[in-house]
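J.: Spelled out, the chains give:
There are 2 protein chains.
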Amino acid sequence: MMLQLGLVLSLLTHAVSIPDPRQREALIQLESSMQTGGQMVLTDAEQELDVRLFKMKQGEMARAAFPPAMHFFRARDLIRRSPIFSLLQKMPKGGALHVHDFSMVDVDWLVKNVTYRPHCYVCYTDDQSIRFLFSSRGPEPLPRCSTWILLEELRAKMINSTDLDNSIKRNLTLFTEQDPEVAYPSQDVVWRRFEQTFLAVWGLVTYAPVFRDYYYEGLTQFYLDNVMYLELRALLPEVYELDGSTHDRAWTLKTYRDVTKRFKAQHPDFFGARIIFTVHRGVNLSVMTEAIEEAMKLQSSFPDTLAGFDLVGREDSGRPLWYFREALSLPAERGVELPFFFHAGETDLEGTDVDQNLLDALLLNTSRIGHGFALVRHPVAKDLSRKRGVAVEVCPVSNQVLKLVKDLRNHPAAALMSENHPVVISSDDPALFGAAGLSYDFYEAFVGLGGIKSNIASLKQLAMNSLRYSSLSQRQKTEALVLWQRRWDKFVSEHVYQS
Amino acid sequence: MMLQLGLVLSLLTHAVSIPDPRQREALIQLESSMQTGGQMVLTDAEQELDVRLFKMKQGEMARAAFPPAMHFFRARDLIRRSPIFSLLQKMPKGGALHVHDFSMVDVDWLVKNVTYRPHCYVCYTDDQSIRFLFSSRGPEPLPRCSTWILLEELRAKMINSTDLDNSIKRNLTLFTEQDPEVAYPSQDVVWRRFEQTFLAVWGLVTYAPVFRDYYYEGLTQFYLDNVMYLELRALLPEVYELDGSTHDRAWTLKTYRDVTKRFKAQHPDFFGARIIFTVHRGVNLSVMTEAIEEAMKLQSSFPDTLAGFDLVGREDSGRPLWYFREALSLPAERGVELPFFFHAGETDLEGTDVDQNLLDALLLNTSRIGHGFALVRHPVAKDLSRKRGVAVEVCPVSNQVLKLVKDLRNHPAAALMSENHPVVISSDDPALFGAAGLSYDFYEAFVGLGGIKSNIASLKQLAMNSLRYSSLSQRQKTEALVLWQRRWDKFVSEHVYQS
Ligand SMILES: [Zn+2]
Ligand SMILES: [Zn+2]
Numbered sequence: 113m114m115l116q117l118g119l120v121l122s123l124l125t126h127a128v129s130i131p132d133p134r135q136r137e138a139l140i141q142l143e144s145s146m147q148t149g150g151q152m153v154l155t156d157a158e159q160e161l162d163v164r165l166f167k168m169k170q171g172e173m174a175r176a177a178f179p180p181a182m183h184f185f186r187a188r189d190l191i192r193r194s195p196i197f198s199l200l201q202k203m204p205k206g207g208a209l210h211v212h213d214f215s216m217v218d219v220d221w222l223v224k225n226v227t228y229r230p231h232c233y234v235c236y237t238d239d240q241s242i243r244f245l246f247s248s249r250g251p252e253p254l255p256r257c258s259t260w261i262l263l264e265e266l267r268a269k270m271i272n273s274t275d276l277d278n279s280i281k282r283n284l285t286l287f288t289e290q291d292p293e294v295a296y297p298s299q300d301v302v303w304r305r306f307e308q309t310f311l312a313v314w315g316l317v318t319y320a321p322v323f324r325d326y327y328y329e330g331l332t333q334f335y336l337d338n339v340m341y342l343e344l345r346a347l348l349p350e351v352y353e354l355d356g357s358t359h360d361r362a363w364t365l366k367t368y369r370d371v372t373k374r375f376k377a378q379h380p381d382f383f384g385a386r387i388i389f390t391v392h393r394g395v396n397l398s399v400m401t402e403a404i405e406e407a408m409k410l411q412s413s414f415p416d417t418l419a420g421f422d423l424v425g426r427e428d429s430g431r432p433l434w435y436f437r438e439a440l441s442l443p444a445e446r447g448v449e450l451p452f453f454f455h456a457g458e459t460d461l462e463g464t465d466v467d468q469n470l471l472d473a474l475l476l477n478t479s480r481i482g483h484g485f486a487l488v489r490h491p492v493a494k495d496l497s498r499k500r501g502v503a504v505e506v507c508p509v510s511n512q513v514l515k516l517v518k519d520l521r522n523h524p525a526a527a528l529m530s531e532n533h534p535v536v537i538s539s540d541d542p543a544l545f546g547a548a549g550l551s552y553d554f555y556e557a558f559v560g561l562g563g564i565k566s567n568i569a570s571l572k573q574l575a576m577n578s579l580r581y582s583s584l585s586q587r588q589k590t591e592a593l594v595l596w597q598r599r600w601d602k603f604v605s606e607h608v609y610q611s
Numbered sequence: 113m114m115l116q117l118g119l120v121l122s123l124l125t126h127a128v129s130i131p132d133p134r135q136r137e138a139l140i141q142l143e144s145s146m147q148t149g150g151q152m153v154l155t156d157a158e159q160e161l162d163v164r165l166f167k168m169k170q171g172e173m174a175r176a177a178f179p180p181a182m183h184f185f186r187a188r189d190l191i192r193r194s195p196i197f198s199l200l201q202k203m204p205k206g207g208a209l210h211v212h213d214f215s216m217v218d219v220d221w222l223v224k225n226v227t228y229r230p231h232c233y234v235c236y237t238d239d240q241s242i243r244f245l246f247s248s249r250g251p252e253p254l255p256r257c258s259t260w261i262l263l264e265e266l267r268a269k270m271i272n273s274t275d276l277d278n279s280i281k282r283n284l285t286l287f288t289e290q291d292p293e294v295a296y297p298s299q300d301v302v303w304r305r306f307e308q309t310f311l312a313v314w315g316l317v318t319y320a321p322v323f324r325d326y327y328y329e330g331l332t333q334f335y336l337d338n339v340m341y342l343e344l345r346a347l348l349p350e351v352y353e354l355d356g357s358t359h360d361r362a363w364t365l366k367t368y369r370d371v372t373k374r375f376k377a378q379h380p381d382f383f384g385a386r387i388i389f390t391v392h393r394g395v396n397l398s399v400m401t402e403a404i405e406e407a408m409k410l411q412s413s414f415p416d417t418l419a420g421f422d423l424v425g426r427e428d429s430g431r432p433l434w435y436f437r438e439a440l441s442l443p444a445e446r447g448v449e450l451p452f453f454f455h456a457g458e459t460d461l462e463g464t465d466v467d468q469n470l471l472d473a474l475l476l477n478t479s480r481i482g483h484g485f486a487l488v489r490h491p492v493a494k495d496l497s498r499k500r501g502v503a504v505e506v507c508p509v510s511n512q513v514l515k516l517v518k519d520l521r522n523h524p525a526a527a528l529m530s531e532n533h534p535v536v537i538s539s540d541d542p543a544l545f546g547a548a549g550l551s552y553d554f555y556e557a558f559v560g561l562g563g564i565k566s567n568i569a570s571l572k573q574l575a576m577n578s579l580r581y582s583s584l585s586q587r588q589k590t591e592a593l594v595l596w597q598r599r600w601d602k603f604v605s606e607h608v609y610q611s
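So the sequences go chain by chain: B and G.
Those letters in the first sequence? Residues 113 to 611, per our numbering, in order.
Those letters in the second sequence? Residues 113 to 611, per our numbering, in order.
Source of the hints: derived by calculation from the structure; they are not laboratory data.
Do not take every clue at face value.
[Said to hold, decoys possible] For lysine-lysine, the following BS3-like pairs were computed, each having C-alpha atoms within a straight-line distance of at most 30 angstroms: (1) B/Lys499 / G/Lys376; (2) B/Lys202 / B/Lys376; (3) B/Lys366 / B/Lys518; (4) B/Lys602 / B/Lys589; (5) G/Lys518 / B/Lys518; (6) G/Lys376 / G/Lys366.
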């Protein structure tokens with residue numbers, strides 16, 4: 113039964129003293145119909161699966177240790193053992209719209225498949241991090257780093273290199289077995305470590321042969337997690353060869369396009385991937401202007417591959433969007449189409465310059481909002497985002513690991529989901545957080561943010577949102593939705609009667 | 113400059129590509145005008161004070177350790193040294209509308225002024241708590257407690273009783289110098305300790321002479337914190353005398369009335385206090401029915417003193433409001449006026465039966481909502497609360513200590529304040545949390561929830577809200593507001609040019 117909000121509320125504005133159970137039921141239904149997925153019409157099979165799912169969730173909520181209330185590093189093993197998680201892994205989740213280039217692939221793969229390649233050098237920085245470089249001769253020494261050591265030679269001297277491999281792994285991810293509160297006591301500490309880890313990965317993944325393999329493996333891991341489409345935020349670095357020569361950005365973008373094409377050919381039910389070119393927000397205005405100029409060029413050369421532009425790096429310590437307004441207005445001034453996908457509102461600093469990014473992203477006509485953690489405290493920005501259909505890319509694990517919120521039941525997107533604000537779920541930097549693909553974030557969103565009341569319809573809507581709010585053309589969206597629906601129906605029919 | 117939301121938004125719904133700085137400024141102004149206090153017209157003096165306050169807040173936010181992001185037990189000393197806190201202490205804050213009877217007075221006073229009285233017996237429970245009783249002869253032993261020891265005798269044997277006094281203090285409050293995360297690892301642990309502490313205080317404060325003095329001292333402490341009016345949630349227990357005889361509830365309520373009268377006579381600028389009769393939500397339906405019957409009687413006997421009725425105790429483990437609907441509907445069925453002030457939504461358990469309390473409180477025509485922590489996840493309840501002017505009593509320190517939220521910048525009332533939802537700030541159980549009066553909670557609300565954008569107008573509005581949403585009659589409200597305004601103007605003029 114669908115109810116008109118206005119009607120019910122007008123009845124209630126004049127207080128009724130003795131509550132009528134039917135009216136109460138109607139209000140509960142009304143509230144439930146307002147949430148993400150609340151307007152979905154479900155098939156019989158979907159409704160049956162929902163009954164199963166509801167029981168699973170009740171079980172999950174009755175557990176003494178409730179994973180969404182715990183730090184992800186502590187919760188990960190519990191989540192892996194959760195029947196809801198298993199189901200979410202198999203569920204066709206649509207697209208992953210907020211994932212960064214060098215955190216797609218788990219670190220085990222990096223260690224086993226990359227650091228064992230020939231010509232891989234390592235050095236240790238004086239602030240306890242690590243750098244890598246592939247080189248045909250010994251590379252030039254780095255400032256504040258030990259001399260370069262050839263990993264092949266180092267390993268040859270060892271009886272077994274498990275300890276070495278583990279210590280490398282620890283440098284390539286934030287994930288730790290330690291108490292995360294002790295390891296990362298503040299946002300500053302965790303972000304510093306985040307940046308170190310990023311630099312540690314850099315030398316491995318920007319080596320041309322690895323770059324191709326890494327991206328292919330990234331697509332594979334998302335594909336195996338039942339993600340059919342990807343929008344990758346990519347720095348498009350100058351990728352290097354063994355002799356130290358480098359390629360330009362166009363080469364890098366072209367490589368993404370070619371590897372995607374190859375992957376699609378081998379996996380016909382994968383829909384594809386597009387690239388959002390990203391620049392660090394620490395640069396100055398003239399560097400940003402050049403980047404925008406290049407982005408426009410790349411966009412006209414690779415219109416199918418390049419989806420748009422974004423800024424990356426910690427908002428709190430970087431420059432606000434408004435600082436770059438001249439550069440960011442160039443495409444509009446020239447009548448050139450360059451869609452923006454700005455990170456905005458990934459902050460606690462309510463009311464500061466940085467906190468203005470949300471409104472400015474909307475003023476700059478952003479197509480989506482990355483994180484939007486602060487959106488609920490900005491009623492004007494929130495209203496604009498809703499009215500314009502500018503979806504918020506919600507990344508629960510990321511926000512928790514980077515210490516914006518501790519208990520994911522308090523994530524502000526819980527309020528957004530309760531009123532069907534346009535949102536998509538994504539994973540930001542899964543490898544850095546010890547996650548993978550999209551299923552961990554779907555778990556946190558479904559069990560933590562959604563609470564007991566989010567259901568199969570919420571999941572269906574979230575998956576469909578990820579295509580609807582993608583950068584694909586209208587025709588492509590329709591095509592992708594048809595493909596998704598086929599897989600969804602199969603998923604539902606395969607799981608509805610299982611117990 | 114006041115702007116129409118509709119107008120600005122309709123302009124923006126059709127995206128403008130090159131942002132206009134004036135339009136941006138207008139939107140920032142618009143958002144700022146929507147927050148709590150955003151519609152206030154300020155005097156010149158208030159605007160000057162706001163400039164000072166803004167600088168203070170910038171200083172506060174630049175500190176490495178930001179108190180609202182820390183556990184209150186860790187933050188308390190920092191808050192005490194904050195110039196904003198000093199100012200908030202002096203600020204006339206209006207009324208405290210959500211405070212419980214036996215947590216008004218700091219524990220130092222209890223130890224020094226109560227446990228040193230003659231005939232005070234103590235026993236130690238086998239679960240590391242403590243009980244007290246005043247008695248003219250040795251009292252009957254309690255189950256699972258040591259034999260009763262006369263404190264006077266115990267202290268006489270000691271050279272100095274500082275250690276004893278300190279150990280008593282630790283039993284009368286949740287506050288601890290230990291790491292609060294270690295001392296209270298979960299909501300279950302902190303609530304269990306909360307209930308123990310409550311029982312420890314019980315025997316001291318329900319002794320008739322102490323009962324009177326305690327309440328008088330409670331009024332004094334709030335008065336000294338520049339609170340002019342109080343609505344006290346009170347269990348109205350059977351208060352006992354030295355010979356073991358007890359008084360009935362009417363006696364207790366009458367005592368509240370008489371002590372309030374005496375306090376007002378001695379402090380003519382104190383406006384008064386009213387009582388909200390509370391019953392534990394652990395009782396069954398027939399006990400609740402009796403309590404409602406008694407509440408109606410008390411209400412007709414003491415219409416000026418009794419403001420209404422509420423249920424107390426942890427929502428998550430108690431019975432939901434709907435369980436008690438028959439009892440709670442009695443007044444309305446009989447056409448008797450018994451206002452409700454229900455605790456509701458003091459929970460993380462999104463979507464469970466307990467989480468239905470918010471909607472049910474509104475269906476039962478509650479006058480205000482205690483806590484309403486979960487309100488932002490209930491769009492229908494939120495809309496009703498706003499449209500009906502049912503204010504949310506926000507108690508930030510309480511919610512943090514009882515582990516609903518860690519970083520107070522993530523408190524959901526931050527969103528409520530950003531859209532001027534009807535809210536008041538209160539302190540719930542200040543003595544149990546190591547707080548006092550209302551200023552700590554005003555600090556957390558102003559600096560943590562409000563962020564940099566909340567200002568003198570927000571404070572003014574919050575203070576005025578506390579009278580506007582009180583249970584006072586329209587005439588009394590006007591009178592109280594006049595009294596408050598006089599004190600407010602004095603406060604502003606005294607602090608505007610100080611530096
Ligand atoms: Zn990101
Ligand atoms: Zn309370």
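J.: Taking the hints in turn, state whether each one holds.
T.: The hints, checked one at a time:
1. B/Lys499 / G/Lys376: Measuring from Cα to Cα gives roughly 53 angstroms; hence the hint is violated.
2. B/Lys202 / B/Lys376: holds (20 angstroms)
3. B/Lys366 / B/Lys518: Violated, at about 40 angstroms.
4. B/Lys602 / B/Lys589: Cα-Cα ~20 angstroms, so holds.
5. G/Lys518 / B/Lys518: OK: G/Lys518 and B/Lys518 at ~7 angstroms, within 30 angstroms.
6. G/Lys376 / G/Lys366: holds (15 angstroms)
Hint violations for this structure: numbers 1, 3, all remaining hints satisfied.
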